[in-house]
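Each chain is listed here by its residues.
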Amino acid sequence: MLLRSLSIPKREFEEGTGWALKPEGACRGDVCIPLSKRAGEVVDVAQVANDIGMPLVEEREYGWWALGPATFGSRALASAEAPDLKLPDLAGKEFRLSSLRGQKVLLYAWAPY
Amino acid sequence: MWQALRNELHPKGLELVTVGLDALGNEGCRAFIEAAKPEHPSLIDRHHVMADLFGITNIPQSVWIDESGMIVRPAETAPPPPRDGPTLARLNVPADLPQRFVEIMAEAVKIKSDADEYHAALRDWVENGAKSRFAMSPEKVVERSRPRDNAKSLGHAHFALATQLEMDGHHDAAVRHFREAHRLVPESWTFRRQAWSLEKVVDGPLQRFWQGPNPADPNAWPYDGDWLADVKREGAENYNERWRP
Numbered sequence: 001m002l003l004r005s006l007s008i009p010k011r012e013f014e015e016g017t018g019w020a021l022k023p024e025g026a027c028r029g030d031v032c033i034p035l036s037k038r039a040g041e042v043v044d045v046a047q048v049a050n051d052i053g054m055p056l057v058e059e060r061e062y063g064w065w066a067l068g069p070a071t072f073g074s075r076a077l078a079s080a081e082a083p084d085l086k087l088p089d090l091a092g093k094e095f096r097l098s099s100l101r102g103q104k105v106l107l108y109a110w111a112p113y
Numbered sequence: 001m002w003q004a005l006r007n008e009l010h011p012k013g014l015e016l017v018t019v020g021l022d023a024l025g026n027e028g029c030r031a032f033i034e035a036a037k038p039e040h041p042s043l044i045d046r047h048h049v050m051a052d053l054f055g056i057t058n059i060p061q062s063v064w065i066d067e068s069g070m071i072v073r074p075a076e077t078a079p080p081p082p083r084d085g086p087t088l089a090r091l092n093v094p095a096d097l098p099q100r101f102v103e104i105m106a107e108a109v110k111i112k113s114d115a116d117e118y119h120a121a122l123r124d125w126v127e128n129g130a131k132s133r134f135a136m137s138p139e140k141v142v143e144r145s146r147p148r149d150n151a152k153s154l155g156h157a158h159f160a161l162a163t164q165l166e167m168d169g170h171h172d173a174a175v176r177h178f179r180e181a182h183r184l185v186p187e188s189w190t191f192r193r194q195a196w197s198l199e200k201v202v203d204g205p206l207q208r209f210w211q212g213p214n215p216a217d218p219n220a221w222p223y224d225g226d227w228l229a230d231v232k233r234e235g236a237e238n239y240n241e242r243w244r245p
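Quick note, the sequences are listed as chains A and B, same order.
Numbered per my numbering, the first sequence spans residues 1 to 113.
Numbered per my numbering, the second sequence spans residues 1 to 245.
Same shape as in the complex, but just chain B (with noise of 0.2 Å):
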């Protein structure tokens, strides 16, 4: 999807950089990187520094830089490129497919994408450049960056250790910086969704998209929230913030 996106507007001048943000890094992205063949600059952030430098707090999230390297849109929500024709409202579930995942899907069916705002200033940005209503000037970057205090750094400074712990194999240790993260940037579904991914309750390719406890041993999860009860308390219309120009 988005790699027909950037072949029809690469021409134009405009480039794709894709970073993937996983402790688990060329393990985690692989099989995903591979799969899409890009043709693009494709990253791999163990630590994720997009968060440090750039704000990031979800996914898929997009900044926009202009020409001479000033950034013209902050961190948002990067909603896929929207399908030519009817969406699916609905997707066929095997009948076979763990109840988490029946509830994970009812929960991500209700998350408010926008698609069409988002995919239409992109272009008129690529078209227009900064005589584009939608290339914010430098004060409104900032200003619509989010607010970080010397609380929410040490958070990421946490969360970084705690990446690089995860690596080393220290998971217990990586689990305590995890947690401290969360607690001091509650507002990053990426701090927790990484978190949350590392934990083997399944086998398989689900493994890494679980993320909550085992219903055979709920006690285990090592963590307060995870991902269908932080969904439901936040609710799912507020887990990406509306797009606005």
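Here chain A stands alone, though its shape is the one from the complex (with noise of 0.2 Å):
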């Protein structure tokens, strides 16, 4: 996830990083992180990345930070829940995956390179 500040909006670091914030912790499926402080309507993400286990990347120069993907279960899938992806098209319209439940779907992936 591409950050221009370390203190972010909520709902901007759930869309963001696929982690919903409970008083409980960091969630996402059916697995659970406490945070070592409570999540507040504005996010420290340092903090929250340490707690998760996400790597936090600082270009300096041109004024952006990068979160790595959450390592939870030492695996690139923590769960074979689908994460819900969202893109947009050619047009720059955005699009959902969970738009095709009820379907099955073949994701593809290519490049014109």
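FYI, nobody ran anything at the bench for these hints, they're computed from the structure.
Since we're looking at a predicted model, the values are computed, not measured.
Don't be surprised by glycine CBs; every beta carbon is placed ideally from N, CA and C.
There's no promise every hint is true.
[Unchecked claim] The following residues of chain A were derived to be distant from chain B, with all beta-carbon distances above 10 Å:
#1 Pro9
#2 Pro34
#3 Lys37
#4 Thr71
#5 Ala111
[Unchecked claim] Within a straight-line C-alpha distance of at most 25 Å, the following computed DSS-like cross-link-like pairs (lysine-lysine) qualify:
#6 Lys37/A / Lys10/A
#7 Lys22/A / Lys86/A
#8 Lys232/B / Lys93/A
#9 Lys86/A / Lys37/B
Starting from two chains that each stand alone, build the complex the way the hints lay out.
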């Protein structure tokens, strides 16, 4: 997840990472990881990232941060629940994978190189 | 090819979602998408979130997801549907093709594909759903997905930064972060191919496929590897993992 600031609204953090910040901790699927400090409406990204195990990289010259994906479970997939992929099409319209519930989906990655 | 497959299987409850992984976004993907004229969702992934979310490490790869949103097969090589009739063992090489492309094609024909097995499994799954022996349990899906430790996740973070910096026109800064991503996630072909494809060594439609040094100025190449050197070193036969049920 790309960031301009390490203090961001809770909704933005949850949308960007797929982790919900609840009283019991950071939760995804049926996994909840306790947080060292309860998350408020503004999230301390460095602290939460440290608790969940998401590395943080700074690109100081151009003012960007990047949060790496969670390593919970030590595998690319922590659960078989498909994340709700959100990406634009060529027209810029946002598409959500969850819109295809009820169908089987073949998700196919390609590249023009 | 995939369009025809989609047309055949869509009435049986399958939807194809194609995702173009390219920091150049619309500019990179448009020509291919417009030529294909897809009737299915066709998405643009500038930061390679497909790598973060699904563990994609090369293209073409696929993930199978069932009707309730559960992954039943994690990221694996997705060969094009097998053609009816004999396949071309040799391509007609234009006489004036640069030597590098002659060598690239010589390696490419050695890359193995399990198209028959993959597509038989796909049809079996479309037909039989959860009863298909090719639909994995949640535990098996997780187990089959690649290991990811903190170092690899850090590599993903560097890669995301690299794509953003490239988009913003800060190419040298992008290269620094691409290099870190390559160091930390050496098994990712997409991390390498994306970076290599952004170096403009030749002009024209083959520019993005050169993916290597300029023979006239090899020291200017900013990466440790390139497509030809890496494929030769790792072996074209190892480029794709063999398909297994």
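Hints and how they fare:
no.	hint	in the structure
1	Pro9	20 Å, holds
2	Pro34	19 Å, holds
3	Lys37	21 Å, holds
4	Thr71	5 Å, violated
5	Ala111	5 Å, violated
6	Lys37/A / Lys10/A	14 Å, holds
7	Lys22/A / Lys86/A	22 Å, holds
8	Lys232/B / Lys93/A	41 Å, violated
9	Lys86/A / Lys37/B	21 Å, holds
Violated hints for the displayed structure, listed by number in ascending order: 4, 5 and 8.
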